[in-house]
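Which chain is which? The protein sequence lines are A and B, in order.
Position 185 (the first sequence) corresponds to 185 in our numbering; numbering is contiguous.
Position 116 (the second sequence) corresponds to 352 in our numbering; numbering is contiguous.
Warning: the hint list may mix true and false statements.
[Claimed, not checked] Chain A regions said to be covered by chain B (calculated; three or more residues, Cβ under 8 Å): (1) 58–70; (2) 113–122; (3) 136–150.
These are computed hints drawn from the structure, not numbers from a lab.
The beta carbon of each residue, even a glycine, is placed where N, CA and C say it ideally should be.
Number of protein chains: 2
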Amino acid sequence: MIFVDDGNGGRAVVVISGGLDSTTVLYYALDRGFTAYPITFDYGQIASAEIRSAESVSKRLGLPWRRVDLSGLSDIYMGATSLVDRGIEITREFSKPIVVPFRNAVLLSVAVAYAGSIGASRVLYGAHASDAENYPDCRREFVEAMERAARLGTGTEISIEAPLLSLKKSEVVRLGARLGVPFELTWSCYRDGEVHCGSCESCENRKRAFLEAGVKDPTVYQDRAHQNATRERGEG
Amino acid sequence: MIFVDDGNGGRAVVVISGGLDSTTVLYYALDRGFTAYPITFDYGQIASAEIRSAESVSKRLGLPWRRVDLSGLSDIYMGATSLVDRGIEITREFSKPIVVPFRNAVLLSVAVAYAGSIGASRVLYGAHASDAENYPDCRREFVEAMERAARLGTGTEISIEAPLLSLKKSEVVRLGARLGVPFELTWSCYRDGEVHCGSCESCENRKRAFLEAGVKDPTVYQDRAHQNATRERGEG
C-alpha cells in the first residue's frame with residue numbers, strides 16, 4: 001500500500017456513525033487540515049436514521065462519503081445484542097446486551113483497508129471517555145493495540161487516532177459547538193424513527209451531555225414532541 | 237462475552253477459505269479435540285468455487301458452517317486488488333495487486349466477534365510460512381498484535397492461533413495428508429471455474445507443494461484436462 005499526503009494535513013479516513021461524537025471527530029479532522037474521507041458502516045443496526053445522518057453531514061461538507069454494507073454481520077451478532085436483534089428489549093440503562101462484541105475492531109480493520117486503497121495515512125474514530133467506561137474496545141490500550149496490528153499487518157506507519165478519548169461526552173459537545181458541528185443533523189437514538197425517542201440509554205446520555213455542557217440541545221425528542229402536541233390539543 | 241468450554245478441547249472458530257491450508261487447520265482443530273465452528277467469508281472474490289469448497293468440507297464433517305457476506309467490502313477493495321476486480325489481470329507471479337489490503341485483520345475481527353457470540357475461546361486461521369514471505373498480515377508479530385487487540389477489545393482471554401505459521405506449504409500438504417484432509421474438495425485457484433486453471437500463481441504454488449511434499453495431487457487442472465482432451469481427440 002502506498003500512503004500519499006495531499007492538502008496540508010494529508011488524507012484521513014474518519015469513521016462516522018451519524019452520532020454527535022463521530023461527527024465532532026469529522027469536524028476536528030477538517031479543523032486540523034486533513035482531507036477527510038468519511039466512512040459509515042451499515043451492520044444491520046435498527047437505527048438506520050444514524051446512517052442517513054452520516055450521509056447528510058458528509059453531503060453538507062461536500063465530502064466523498066462511503067457507506068459500507070456489513071449487514072452480513074448481523075447474523076453473527078444475532079442474539080448477542082439488542083442493537084440488531086428486535087427480539088431483545090432496549091433498556092434505559094447500560095446493560096451487557098447493548099454491546100456489539102468487538103465491533104470497533106471490525107470497523108477499524110475495514111477503515112484501515114480503505115485507508116490503504118485511497119492512500120490515507122490515518123484513521124480517526126469517535127471513542128470517548130464515557131464510552132471507555134463500558135466498552136473495552138473504546139479504551140486507549142485497545143486503540144494502541146489495533147494501531148500496532150494495523151502497522152504490522154500493512155507494513156506501513158498508518159496511525160489510528162481516537163482524539164476524543166480523554167473527553168467526557170459533555171466535553172465532546174462543547175468541542176463540537178466550538179467547531180460548528182450541526183448537532184441537529186446528528187442521531188444518537190438506539191431506536192429508529194423520525195425523531196429521537198428521548199427515553200433510551202443513548203438519548204438520556206445525549207440530553208445529559210448537552211445539559212452538562214451548557215450548550216443548547218437542538219434535538220427533537222419524541223417524549224417532548226408528545227408533551228407539546230398534548231399541550232397544543234389542550235389536553236395538558 | 238462469556239467463553240465456555242465444551243467437549244474435551246472447548247469451542248474453536250476456524251476461519252476456512254476452502255483452500256488446502258485452512259482446511260488442514262480445520263482437521264488439525266478436530267484432531268486436537270476442539271469443537272470446531274468453521275466460518276467462511278464472502279468478500280466478493282472472483283473464485284466463488286472456494287466458498288463452495290468450504291461448504292462441502294464442513295458438510296462432510298457435519299459441522300455448523302457459517303458463511304458471512306462481506307461482499308460490501310468489494311467496493312473498498314475495488315482497484316486495489318485483482319482478486320475482486322475483474323479489470324486487473326491475474327498474474328502467474330506474486331505481485332502487489334494480488335494483496336487484499338489488511339484482509340486478515342477484517343476476517344479475524346469478525347471471527348473474534350463470532351467467537352464471543354457462540355462462546356468459543358479460540359480462533360484459528362491458516363496463515364503459513366510461505367504466505368508470511370509476501371503477506372504482512374500472515375506474520376507472527378501480526379497474529380500476536382491482533383490477539384492482544386482482541387483480548388483488550390473483548391476483555392477476555394481469547395486466543396488467536398495460526399498453527400501452520402512455521403510450516404512451508406509443502407509441509408502443510410504433508411500434515412494435511414496425515415490428518416486425512418480431502419484435498420480433492422479444496423480449492424486454490426484465483427480464477428473461478430469447474431476445475432483449477434493450473435496456471436495462476438496460486439495453482440503453481442499448489443502443484444509445487446504437492447510435488448515437494450511427495451504427496452499425490454488429486455487436483456484436476458485445466459491445462460492438463462486440455463492436454464488429455466487434445467490427446468483423446470488424437471490431436472496431441
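Do the hints match the structure? See the list:
Proximity of the stretch 58–70 of chain A to chain B, defined as three or more residues with a beta carbon under 8 Å from a beta carbon of that chain, is established by the 4 residues found. For the stretch 113–122 of chain A, the stated coverage by chain B holds: 4 residues have a C-beta nearer than 8 Å to a C-beta of that chain, and at least 3 were required. Coverage of a stretch by a chain is defined here by at least three residues with a beta carbon nearer than 8 Å to that chain's beta carbons; for the stretch 136–150 of chain A and chain B the count is 10, and the condition holds.
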